[in-house]
Amino acid sequence: MKACPIDEYAKLISKTVLSSAATQSWTPTLEQKLHQLSIRKSLSPTLVARVIDPHLLHHHSLALGFFNWASHQPSFSHTSLTYKSLLKSLSISRQFNSIHALLNRAKSHQIPLHPSLYRSLIASFIIAKRTLCALSTYNQLRQMGLQIAPQTCNSLLSALASDDHLAHARKVFDEMLQEKSHLLALDLGGVELGATLSLLDEVIQRGGDSVVNGSIVALLVVDGLCRVSRVCEASTLLDELRSRGYKPDFIAYRVVAEGFRLGGRVLEAEKVLKRKRKYGVAPRASDYREFLFGLISERRSWEAKELGEAIIGGNFPIEDDVLNALIGSVSAIDPDSATAFCRYMIEKGRSPTILTLTNLSKSLCKNGKVDDLLEIFMVLSSKDYFSDVESYTMMVSYLCTAGLVKEAYRFLKEMKRKGFVPDVSLYNALMEACCREDLLRPAKRLWDEMFASGCQGNLKTYNTLIRKLSESGEAEDANRLFRHMLEKGLVPDSTTYVSLLEGLCQETKIQAACEIFNKCIQQDILLAKTVLTALVLSLCKEGHLLAASKVIQGLIPESGNASCHVLLLRCFVEAGEFQMAIEHMKWIKDTAPSISQVLSSELVASLSYSLKPEPILQLLRLLKENDMVPDNDTWMDLWNGSNGKTSNEKRPRSCAVDNKRRTKKRIEKIDEYREIGSRMKGYPQEEVRKARKLVSSFIRAAEEVEERIEEAAEKGELNELVLMVIWNRLDLARRDV
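Throughout the sequence shown, residue numbering follows the UniProt record's numbering, covering 1 to 737 in sequence.
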């Protein structure tokens, strides 16, 4: 291989890996491709690291495979650089078991890893609620004598306490005191009062002000007690804390007073407020600013929310950037609290940033808080917050997402009155909303308005309206729109073709549908393969079986795909057209014998998810009589079982009872297939196809089935649909009845 810069090398290798790994898993074929590049002698730790980071970061299985492959190459040894790149990839994908194994591997090979890497892993573990894994990594750092940042220790301490690992939390707490680490996390709501004071005394004795910020610790302690309804103890603790030098500030006193007030104990609340005025100190905004930003950066949103509520509830000062960060962080976990923070900000005459408002709007839409969304937008609009194209586009887009089409259109007109020119993305959002809400006439008017204002639609604009016109029985208008987009030089995609073909087939415009499909073939044969399945399904759905067969047979045999043929064959048998199915299989055998075997296997596999397996069994029997499918014990047993026969007609009469039981078991199994098939009908066909393909790879692995399933589980591929196919398909392929 010619010499080239290391970055070019990395791009070439990663491109080979990604293009050769259709299943996103490491295979011998992929290794052969790498051998053909002749790169083994050129491998270096820097090159391996550059391949993984950035090119394979989001493909953890391939990154791990490449890492392992490199380790077996001549004269190559991994370094901390390669370990760092792989750990980064595994961390992004949350492959925590693999991370743990890799850390042990680095330890056994005595590969020194930078402390910052351990710290980032601890943070990842904490975010993923893998607290004990974070503790294990923390202990490894300590065993190696490496310095651990106070921020990391505080995050771990808080996570351990929150997850009730109090013994581990106490150990980390003691180690922090011993090393005089600055304490920021003290959630003592579940600790007995005497023990709480003892812990706080210990903090003072071992470091005093250098270890903790007294005012913040005081607030955290009393707030924790109040949240578990220990308000009286929190009130007592205020004086104890003050006597120990912790200096409770106004916020701490206010939290306790509010706790009494919520419990209906107004007199006690007044007494606490008097003590606040007499003994309390003014809160330092800079201290809370730093602490809140720390919580937010560590994604400890609940703690940040609670502290924010304490500050805002008492009307204490808080800066704009802190409020913006707080709203953005809290909106992901509690949209009501985030909305309250935003209202507070607006009431104080301040405004959220566009990014903050975007995050809040996304959360409100996701959680169905439509009224809150509209209220926030209306209030901000009254204060002239929306003053440019970006802000108006954001608002209109989220109003459309929330289904508030009239309000969105009203703001569009307001925007134009102010002299702002809407871009195509804004029109697309409003067009989609109109179509989603079945407002076709307004969508057409919007289309005319858009072009009249000089805004040219893009592919998304055309696709949106073509799809809606096709669904609404206006396929001719959709076809005109299709021709219009071609005149404008726009290139249709699969969405365009599928929408239009479905509409034409629904209106029995078969000739027009075939003409559109021919255009698709001329444009891109690979695109046509994708569209073909949708066309065949649409034709069969409307009863045009012969037309569907002619479409497939009009293509180059190998240019189709097996799933289209299986779909057509199933439609034939469901309609009772067995002779047409046999003729189609004869055509396949004559013109494309290479896919004939694949089709018979796919037909057998389809028994596992078919709602009515009997017609398929009948087709397989007829094909067997015509020597078009091989013997297969699985489907033959099912056929014999469903007809009350045995696979061996000459069995002794003494086996009659066993035969009866087996027949009953087979019939029950068919009933199970029906049940599973009924459930699977609720899934999109493309998802079912992918699930079948994935499970087929398990079965082809033979004795490695369990390993393949474990790999899929690590990748997060074992969703409900895949599990249903596994349950049925593996049982069908491997049982012995």
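If you are wondering where the hints come from, they were derived from the structure by calculation, not from laboratory data. Be aware that one or more of the hints could be misleading.
[Said to hold, decoys possible] Result set (DSS-like, lysine-lysine): computed pairs, CA atoms no more than 27 Å apart in a straight line:
#1 Lys-460 to Lys-416
#2 Lys-488 to Lys-550
#3 Lys-383 to Lys-413
#4 Lys-444 to Lys-413
#5 Lys-488 to Lys-509
#6 Lys-129 to Lys-84
#7 Lys-509 to Lys-362
[To be verified] Label pairs and their calculated CB-CB ranges:
#8 Ser-382 to Phe-293: 27 to 33 Å
#9 Gln-147 to Thr-79: 51 to 57 Å
#10 Pro-593 to Gly-554: 51 to 57 Å
#11 Glu-290 to Pro-115: 19 to 25 Å
#12 Leu-527 to Val-598: 38 to 44 Å
#13 Gln-151 to Lys-11: 43 to 49 Å
#14 Asp-448 to Gly-403: 21 to 27 Å
#15 Ser-75 to Thr-29: 36 to 42 Å
#16 Glu-270 to Pro-115: 25 to 31 Å
#17 Val-379 to Gln-523: 16 to 22 Å
#18 Arg-343 to Arg-227: 42 to 48 Å
Every value quoted in this text rests on a predicted model; they were computed, and no experiment measured them. Just so it is clear, CB atoms sit at the ideal spot from N, CA and C, and this is done for glycine as well.
Checked hints:
1. Lys-460 to Lys-416: Holds - the C-alpha atoms of Lys-416 and Lys-460 are around 22 Å apart, at most 27 Å.
2. Lys-488 to Lys-550: violated, 32 Å
3. Lys-383 to Lys-413: Given pair Lys-383, Lys-413 holds - Cα atoms ~18 Å apart, limit 27 Å.
4. Lys-444 to Lys-413: holds, 16 Å
5. Lys-488 to Lys-509: OK: Lys-488 and Lys-509 at ~25 Å, within 27 Å.
6. Lys-129 to Lys-84: Measuring from Cα to Cα gives roughly 22 Å; hence the hint holds.
7. Lys-509 to Lys-362: violated, 42 Å
8. Ser-382 to Phe-293: 27 to 33 Å: Since the Cβ atoms of Ser-382 and Phe-293 sit about 31 Å apart, the hinted range of 27 to 33 Å holds.
9. Gln-147 to Thr-79: 51 to 57 Å: Given a distance of about 22 Å, which is not inside 51 to 57 Å, the answer is violated.
10. Pro-593 to Gly-554: 51 to 57 Å: Between Pro-593 and Gly-554, where Cβ atoms are some 19 Å apart, the hint is violated.
11. Glu-290 to Pro-115: 19 to 25 Å: 23 Å Cβ-Cβ, so the 19 to 25 Å window holds.
12. Leu-527 to Val-598: 38 to 44 Å: violated, 22 Å
13. Gln-151 to Lys-11: 43 to 49 Å: violated, 36 Å
14. Asp-448 to Gly-403: 21 to 27 Å: holds, 23 Å
15. Ser-75 to Thr-29: 36 to 42 Å: violated, 25 Å
16. Glu-270 to Pro-115: 25 to 31 Å: violated, 51 Å
17. Val-379 to Gln-523: 16 to 22 Å: This hint is violated: roughly 50 Å between Cβ atoms.
18. Arg-343 to Arg-227: 42 to 48 Å: At roughly 23 Å between Cβ atoms, Arg-227 and Arg-343 fall outside 42 to 48 Å, so the hint is violated.
Against the hints set out earlier in the document, violations occur for numbers 2, 7, 9, 10, 12, 13, 15, 16, 17, 18.
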